[in-house]
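K.L.:
Based on the provided sequences and hints, a complete structural model is requested.
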Amino acid sequence: MTKDSNILCIGSVLWDVIGRSPSHMAKGADVPGRIIRIPGGVALNIAMTLVRFGLTPALLSAVGRDAEGEELISECHHMGLITDHVYRSDDLPTDCYMAVEGANGLIAAIADAHSLEKAGAKILQALYDGRLGKADAPYSGLIALDGNLTERLLDDIANDPAFQSADLRIAPASPGKAERLLPFLRSGRGTLYVNLEEAGILCHTRFSTSEEAGQALLSKGAARALVTNGGEATTDAHPDGLITLPPPEVLVTRVTGAGDTFMAAHIAAEFNDADRTSALAQALDAAAKFVSGDTPS
Numbered sequence: 001m002t003k004d005s006n007i008l009c010i011g012s013v014l015w016d017v018i019g020r021s022p023s024h025m026a027k028g029a030d031v032p033g034r035i036i037r038i039p040g041g042v043a044l045n046i047a048m049t050l051v052r053f054g055l056t057p058a059l060l061s062a063v064g065r066d067a068e069g070e071e072l073i074s075e076c077h078h079m080g081l082i083t084d085h086v087y088r089s090d091d092l093p094t095d096c097y098m099a100v101e102g103a104n105g106l107i108a109a110i111a112d113a114h115s116l117e118k119a120g121a122k123i124l125q126a127l128y129d130g131r132l133g134k135a136d137a138p139y140s141g142l143i144a145l146d147g148n149l150t151e152r153l154l155d156d157i158a159n160d161p162a163f164q165s166a167d168l169r170i171a172p173a174s175p176g177k178a179e180r181l182l183p184f185l186r187s188g189r190g191t192l193y194v195n196l197e198e199a200g201i202l203c204h205t206r207f208s209t210s211e212e213a214g215q216a217l218l219s220k221g222a223a224r225a226l227v228t229n230g231g232e233a234t235t236d237a238h239p240d241g242l243i244t245l246p247p248p249e250v251l252v253t254r255v256t257g258a259g260d261t262f263m264a265a266h267i268a269a270e271f272n273d274a275d276r277t278s279a280l281a282q283a284l285d286a287a288a289k290f291v292s293g294d295t296p297s
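In the UniProt record's numbering, the protein residues as written are 1 to 297.
Be aware that one or more of the hints could be misleading.
In the SDA-like style, the derived pairs of lysine to any residue whose C-alpha atoms are separated by at most 25 Å in a straight line are [said to hold, decoys possible]: (1) K118 with D156; (2) K289 with E270; (3) K289 with P22; (4) K289 with T253; (5) K118 with R88; (6) K122 with H77; (7) K289 with I35; (8) K220 with H238; (9) K289 with A109; (10) K289 with L55; (11) K122 with A67; (12) K289 with R254; (13) K118 with D66; (14) K289 with G19; (15) K122 with E70; (16) K289 with A99; (17) K134 with S187; (18) K122 with S89.
Pair ranges (Cβ atoms, derived) [what the hints assert, rightly or not]: (19) S165 with D90: 32 to 42 Å; (20) G130 with L106: 40 to 50 Å; (21) T56 with A233: 25 to 35 Å; (22) R88 with P175: 25 to 35 Å; (23) G130 with T253: 39 to 49 Å; (24) R52 with D112: 19 to 29 Å; (25) L106 with D240: 32 to 42 Å; (26) D90 with R206: 38 to 48 Å; (27) M98 with E70: 14 to 24 Å; (28) R34 with A233: 28 to 38 Å; (29) G221 with R131: 27 to 37 Å; (30) R206 with N272: 34 to 44 Å; (31) R52 with V250: 15 to 25 Å; (32) L106 with L245: 17 to 27 Å.
I should point out that these hints are in silico values taken from the structure, not numbers from a laboratory. We treat Cβ as the ideally placed atom computed from N, Cα and C, and that holds for glycine.
P.N.:
If you want it as structure tokens, here you go:
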């Protein structure tokens, strides 16, 4: 490696194809707008934001050796990300995410992360073979982990000694994959970054506030949880106490990637020794700037 990383980002690295329209959209809507293709995936979104905050992330993921994969790896290099440990497959195509957004928010999305799921534990090899860690010297730094991995692999990670010394930061990727994080509740390991809906799925109930959800996640075994609630207050739930802050009021122009931006900004703030209140405020400010279009997508 030509440079050292100070955080690992494990999970989806793919192309985002996003259609955005300024119109309010209902089921079956056919409206004018813009369609873009940009590097994405939860792990990559977090990594790209971490770079903006001065960190040097290394990616652990699966990317095909197809034309889309070669282009994606090139883009990652250009952004200053370390890709030395990315699993490159000749047989698996590069994954893709497709979303449609209107003035009323996210209308629909489909995440095709089948290659990442099929690659499985192969993406983690560097944590066992001595490049990043090994059995008698497990990796002890920051890890941002996303729920696009299979439920079985996430369960293994939640209980694997190879991760016992790491500072694990975990996101579910989407409400549809929130239950994949249940092993981290059972093991009491890691910091969870979830929205109100995802917190409800993990606790098998519905919540009206992030504070209520954060307290419930702690009761279920979470070591720590950050619970967002759109334009409403966000809570950092920790055994030492709950901190709840409102996000800045902004005009929302995009939503895909907002949660990843919040998580990355929070990690970066704590990496730079911000206290819990300051870190939460900085993360909310970064997410607000993102959804308003004031930062790059």
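K.L.:
Each hint needs a verdict: does it hold in this structure or not?
P.N.:
Cross-check of the supplied hints:
1. The hinted pair formed by K118 and D156 meets the criterion: a straight-line CA distance of about 15 Å does not exceed 25 Å.
2. With a C-alpha separation of about 19 Å, the suggested pair K289 and E270 falls inside the 25 Å cut-off, and the hint holds.
3. With a CA separation close to 18 Å, the supplied pair K289 and P22 stays within the 25 Å bound.
4. A distance of roughly 10 Å separates the Cα atoms of K289 and T253; the hinted pair therefore holds under the 25 Å criterion.
5. For the hint linking K118 to R88, the alpha-carbon distance of about 12 Å falls within 25 Å, and the restraint holds.
6. Proposed proximity of K122 and H77 is supported: the alpha carbons are some 21 Å apart, at most 25 Å.
7. For a cut-off of 25 Å, the pair hint linking K289 to I35 stands: about 21 Å separates their Cα positions.
8. A threshold of 25 Å between alpha carbons decides the hint, and for K220 with H238 the separation of about 13 Å falls inside it, so the pair holds.
9. Using a Cα cut-off of 25 Å, the hinted pair K289 and A109 holds, with the two alpha carbons roughly 23 Å apart.
10. For a cut-off of 25 Å, the pair hint linking K289 to L55 stands: about 19 Å separates their Cα positions.
11. For the suggested pair K122 and A67, the alpha carbons sit about 21 Å apart, so the restraint of at most 25 Å is met.
12. Simply put, K289 and R254 have alpha-carbon atoms about 10 Å apart, close enough for the 25 Å limit, and the pair holds.
13. With a CA separation close to 16 Å, the supplied pair K118 and D66 stays within the 25 Å bound.
14. Restraint check for K289 and G19: satisfied, since their Cα atoms lie roughly 20 Å apart, inside the 25 Å limit.
15. For the hint linking K122 to E70, the alpha-carbon distance of about 19 Å falls within 25 Å, and the restraint holds.
16. Taking the CA atoms of K289 and A99, the gap is about 20 Å. The hint holds against a cut of 25 Å.
17. Annotation: proposed proximity of K134 to S187 holds, straight-line Cα distance about 21 Å (limit 25 Å).
18. Taking the CA atoms of K122 and S89, the gap is about 10 Å. The hint holds against a cut of 25 Å.
19. Distance hint check: the CB atoms of S165 and D90 are about 34 Å apart, consistent with the given range 32 to 42 Å.
20. Range check, G130 to L106: Cβ separation about 42 Å, and the 40 to 50 Å hint holds.
21. Between T56 and A233 the Cβ separation comes to about 32 Å, which falls inside the hinted range of 25 to 35 Å.
22. The beta-carbon spacing between R88 and P175, approximately 31 Å, falls within the hinted interval of 25 to 35 Å.
23. The given range of 39 to 49 Å is respected by G130 and T253, whose C-beta atoms sit roughly 46 Å from each other.
24. Here the CB-CB span from R52 to D112 is close to 27 Å, well matched to the stated 19 to 29 Å.
25. Distance hint check for L106 and D240: the Cβ-Cβ separation is about 34 Å, which falls inside the suggested range of 32 to 42 Å.
26. Taking 38 to 48 Å as the suggested C-beta distance range, the pair D90 and R206 conforms, at roughly 46 Å.
27. Between M98 and E70 the C-beta distance comes to about 21 Å, which sits within the given range of 14 to 24 Å.
28. In this structure, R34 and A233 meet the distance hint of 28 to 38 Å, their C-beta atoms being roughly 32 Å apart.
29. With their beta carbons about 32 Å apart, G221 and R131 fall inside the hinted range of 27 to 37 Å.
30. Between R206 and N272 the C-beta distance comes to about 36 Å, which sits within the given range of 34 to 44 Å.
31. As the Cβ distance of R52 to V250 is approximately 18 Å, the hint placing it in 15 to 25 Å holds.
32. The hinted window of 17 to 27 Å between L106 and L245 holds, with their beta carbons roughly 24 Å apart.
Violation of the numbered hints given earlier is absent; every hint is satisfied by the structure.
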